[in-house]
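Participant: We have chain W; now place chain A onto it with these hints.
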Amino acid sequence: MSTGALSQIRSVSICGIDTEIVTVETDLTVGLPSFSIVGLPGSAVRESKERVHAAIVNSGYEFPLRRITVNLSPADLRKEGSHLDLPIAVGILMASVRSKEGAAFCPDTAYIGELSLDGALKRLELAAAMALGLQDAGIARIFLPAANLEDVANLPGLLFFPAETLRDIVSHVTGEFPLEAVRGRDKGAGVGRPDVPPTEDFLEVKGQEAVKRALLIAVAGRHDILLTGPPGVGKSMLARRVPGILPLLSDAESREVTRIHGIARTAEGHRGLIRERPYRAPHHSATQTAMIGGGYRLAPGEVSLAHHGVLFLDELPEFNRHTLEMLRQPLEDRFVDLSRASLKGRYPCDFLLICAMNPCPCGYFGDPAHFCTCTETARQRYRAKISGPFLDRIDIHVRMGAVRAEDLAPAASCACMSSGEMRRLTEKVCAAQAARAKPDFCWNGRLDGARGSEVCRPAPEALRLLDAAYTRYALSVRARMKLLRVARTIADIEGSEQIFESHMAEAIAYRVPFDLTD
Amino acid sequence: MMAHFDSFETGDTCYPALLTLIADPPRRLWYRGDLSVLSRPRVAIVGSRKSTDYGRWAAHTIAKRLSSSGVCVVSGMADGIDAAAHRGALAGGSPTIAVFGCGLDICFPKSNRELMKEIARRGLLLSEYEPGTRPAKYTFPRRNRIISGLSVATVVAEAGVSSGSLITAECALEQGREVYAVPGDINRIGSIGCNKLIADGARPLVFIDDILTDLGFLAPPAGNWPESLSGEEQRALAAVRQQGEIAYDRLARALGVSVGAAVSVATVLELKGVVHIAAGKVFCSAVPQR
Chain W
1 MSTGALSQIR SVSICGIDTE IVTVETDLTV GLPSFSIVGL PGSAVRESKE
51 RVHAAIVNSG YEFPLRRITV NLSPADLRKE GSHLDLPIAV GILMASVRSK
101 EGAAFCPDTA YIGELSLDGA LKRLELAAAM ALGLQDAGIA RIFLPAANLE
151 DVANLPGLLF FPAETLRDIV SHVTGEFPLE AVRGRDKGAG VGRPDVPPTE
201 DFLEVKGQEA VKRALLIAVA GRHDILLTGP PGVGKSMLAR RVPGILPLLS
251 DAESREVTRI HGIARTAEGH RGLIRERPYR APHHSATQTA MIGGGYRLAP
301 GEVSLAHHGV LFLDELPEFN RHTLEMLRQP LEDRFVDLSR ASLKGRYPCD
351 FLLICAMNPC PCGYFGDPAH FCTCTETARQ RYRAKISGPF LDRIDIHVRM
401 GAVRAEDLAP AASCACMSSG EMRRLTEKVC AAQAARAKPD FCWNGRLDGA
451 RGSEVCRPAP EALRLLDAAY TRYALSVRAR MKLLRVARTI ADIEGSEQIF
501 ESHMAEAIAY RVPFDLTD
Chain A
519 MMAHFDSFET GDTCYPALLT LIADPPRRLW YRGDLSVLSR PRVAIVGSRK
569 STDYGRWAAH TIAKRLSSSG VCVVSGMADG IDAAAHRGAL AGGSPTIAVF
619 GCGLDICFPK SNRELMKEIA RRGLLLSEYE PGTRPAKYTF PRRNRIISGL
669 SVATVVAEAG VSSGSLITAE CALEQGREVY AVPGDINRIG SIGCNKLIAD
719 GARPLVFIDD ILTDLGFLAP PAGNWPESLS GEEQRALAAV RQQGEIAYDR
769 LARALGVSVG AAVSVATVLE LKGVVHIAAG KVFCSAVPQR
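In order, the protein sequence lines correspond to chains W and A.
When you number the first sequence by the working numbering, it's gap-free, plus one each residue, and the end is 518.
When you number the second sequence by the working numbering, it's gap-free, plus one each residue, and the end is 808.
Isolated chain A (complex conformation):
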């Protein structure tokens, strides 16, 4: 039995005005979820499926920051960066939009089934393809124009040389929208696409709050930061900031303490929300003040 999906067309009142401005707007969009989401300001966050902890962290953090400021994050619900962006957006409290490259009755990739349910419940799923349409190689580049077309700006969180998210960035440029790229390690092949975007003129996203200021979204005061830190904690945070990411062993050496003490201080910093610990390393996660 096929589930019933509603749709709207160009000319309908709910059709997003921003999308009508692009060269080839979709004639009809199928949807699932809450259409009132379309009244919010929107920013796209996209990136590679093959991603690093850093890329997913960046996507998650940026999405959460935007979402907690009331911005709706648009992405493609692919593995990796897209999924991290949706999760970050949901964590930030505002709804999020996922644009599919297939019919809305098909979950692709399958591993994101739970995420898809959550977005359908708290956000909006959109597709220009009729229910039942299988995903194909050409459907994804086509839907990318909708992701960028729906948004006032597109953030590329992490992209390799041949990432599909570069197509989204290109669409955004053609549509006259702002493109941001998160700078990455120049040694990492997974960051080449992003860094090249910056070289070609995209705005580097150096401070996450830049995007809020640029686009005029008013940011509420950041959560529990800064919470008072002890001298030791401040020194540890400085060491983490200096390296960007640091293993426990190196942190212990930088502070001149035992490795047990380093593990302990890093955990306290994580509880205070200023660092993020993953894959055995401590990452800087607080938004630094300018």
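Chain W on its own, in the form it takes in the complex:
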């Protein structure tokens, strides 16, 4: 019989916003009793030595008096987190058992869990994200703390073995008391969404139908939008109601969003798969790191937390100018490459940008009822905070005016659209875009180049109108493409295959206004 015994166990580690499969290799050899963990363990992993030792002994097993080496492979990747307690403990026990009878290595089974000193398994915060990462790597059987079952129970295609204690797992492995396997099932799919509460309904917003229409177009085709208007006309009120008209996430998007929010620990209130699109509204004091991502753990920023959802920037010019300029590249590429000394990562950030601002520092420039008290220089300085290239990346510009008293009357609100109607339209446009998905889904707002010209084919009269606008307003080629994209979405809302004159005319109304660029 050989003097050494070896076991291998699968687990997982979080790396930036990605997950990486970790193999916990445990080797027991004859020698002076010692216990060492190698493979770049973080401080929580290094401390797990003490927890594992106590948990094994307190569960009534013998801690092998041998020279124990635990290697966390791949060895050059830094591992953080207490969830490696369980695989390390199981690895040690398996290796010591193996020296007698041998336990097979199961490459499709993983263990995650934090041990308490008495051998109980504690709830993990990142269980859902880890389970998704394991599944992506082809691992379908997961041992985890019973308290985490509700976090993962709606992830389809996975088999879970929830356990209360280390003993439960050992008795399962030995065949004494097999654990009950739970199959992940997506109960949320197919169930209709709850209705928007009346206080969050677009019906509440009076006299701003034109702006609601623009927001509908923005959401339906994912066109970034800027609302400019005096204080109190309802910019923030409108933006807050946008989540109610967003179409649901697709399965693949849902997995991605769940993973990002799981790792960033921003999924509060959510158990398991997140189906609703995220809505992020950072305050204008947000730092560059908070916005783009970074820090020592390379945490995702607001742009990535808004991935597949909405990023709302209220009081746009109050944001630090550099922070705004840093948004330019993510707005173009839809991902950010973060790079720090120890970590690197590509973070996705495909979001719908909604911005709101006043036309000038006092807020009343162009308002008939108030006098703007700003000097021309102050106004120019205010507008200059938003650079031309940034404005150029925004598809829809809306100038909001004050609401007149008669528009608030009940008689005026009969033509008012509710969130329900608006959501039906956004879902319809989503379906139209999915029908054109060759080879993959592309929002109208992201159409460009050859694909853009193929999908956005205007009728002859619409083209004539576009050319007239191109000359009249001295538009750039990029701006022309933007008009075509917006017109495509308007045609989709109206249920038209082709882009007609009226669709094009409406799109032209949403171009960059003269008073933002002069």
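Any given hint might turn out to be false.
[Unchecked claim] Partial selection, computed: residues in chain A whose CB lies under 8 Å from chain W:
hint	residue
1	Thr570
2	Asp571
3	Pro627
4	Ser629
5	Arg631
6	Asp728
7	Gly762
8	Tyr766
9	Ser782
10	Ala796
It should be emphasised that the hints constitute simulated quantities derived from the structure, not laboratory data.
Beta carbons are placed, not taken as given, at the ideal position from N, Cα and C, and that holds for glycine.
Facilitator: Just chain A now, with coordinates in the frame of chain W:
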């Protein structure tokens, strides 16, 4: 290093004859730009610095109309109405004159630097103050007499109760020149000065072409108006005309169509040049026929 500026004096051939007729003509005028501009007929357009979209629209439109008829627009290059008038004049194709309340080497206000360059290139900058003279409180009312003195008529596009443009109107009256005022909303404090001018006897500028007819400037036929309008477009235009300015929501209700359709028809009207869209509202911009 100080830039060199030329000047001319009373008695020089280039000194505008109209200016010699006022009570205290400036003895010397510094200039930058093209002096041949002074051979054109001139009309002053002035108004408040604090202005509304309506006032700037009016100044811009009147200036453009005059300029496209060959009239040179004179103003003070201040923020607001003055700047809008200069821009309108440049858009109309004829040169424009800006009269400064400081030395010509100083751009005041600074925000108009680009405009100043453009006027120097395509028009004329004038000042009675020596280069290097800083702007002061008293220099602006003084230069106003030159603005009105250079012009056969003065148009006040928009003025509040204490606007400096009222001083220009007063100068024009003392100099025996015609004064026009653009009527404004009687609820708006920014229009009180103009409306009071009308009450005191200034000519209300109700149709822009009036000023061309009154002063005998021959107007070439207006640009692309009227272009054939569809039934829907005509109804929309009628709704805009009735209100003067109208938000998309109200336009949609007036026409009984969806708000998307209203946005679309307004854009077509703007492309045809009969309305003007700003601050989320549709304004009437065509010169109505009498």
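Participant: Holds or violated: is the Cβ of A/Ala796 closer than 8 Å to a Cβ in chain W?
Facilitator: This hint holds: A/Ala796 lies near chain W, its Cβ roughly 7 Å from the closest one there, short of 8 Å.
Participant: Taking the closest Cβ pair, is A/Ser629 under 8 Å from chain W?
Facilitator: holds, 4 Å
Participant: Would the stated hint for A/Asp728 survive a check requiring a Cβ distance to chain W of less than 8 Å?
Facilitator: Cβ of A/Asp728 sits 25 Å from chain W, so the hint is violated.
Participant: Checking hints one by one. Is A/Ser782 an interface residue toward chain W, by the C-beta closer than 8 Å rule?
Facilitator: A/Ser782 check passes; min Cβ-Cβ to chain W is 4 Å, inside 8 Å.
Participant: For the hint on A/Asp571, just tell me whether its beta-carbon gets within less than 8 Å of chain W.
Facilitator: holds, 5 Å
Participant: Does A/Thr570 hold up as a contact with chain W if the rule is Cβ-Cβ below 8 Å?
Facilitator: holds, 7 Å
Participant: Given a cut of 8 Å on the nearest C-beta pair, is the interface hint for A/Gly762 held or broken against chain W?
Facilitator: Violated, because the Cβ-Cβ distance from A/Gly762 to chain W comes to roughly 11 Å (cut-off 8 Å).
Participant: At a threshold of 8 Å, is the proposed contact between A/Pro627 and chain W supported by beta-carbon distances?
Facilitator: For A/Pro627, the interface hint holds, since the closest Cβ of chain W sits about 6 Å away, which is under 8 Å.
Participant: Does A/Arg631 hold up as a contact with chain W if the rule is Cβ-Cβ below 8 Å?
Facilitator: violated, 11 Å
Participant: Next item in the hint list is A/Tyr766. Is there a CB on chain W closer than 8 Å to its CB?
Facilitator: Where the cut-off is 8 Å and the nearest Cβ of chain W is about 4 Å from A/Tyr766, the hint holds.
The structure fails to meet hints 5, 6, 7 from the earlier list, while all remaining hints are met.
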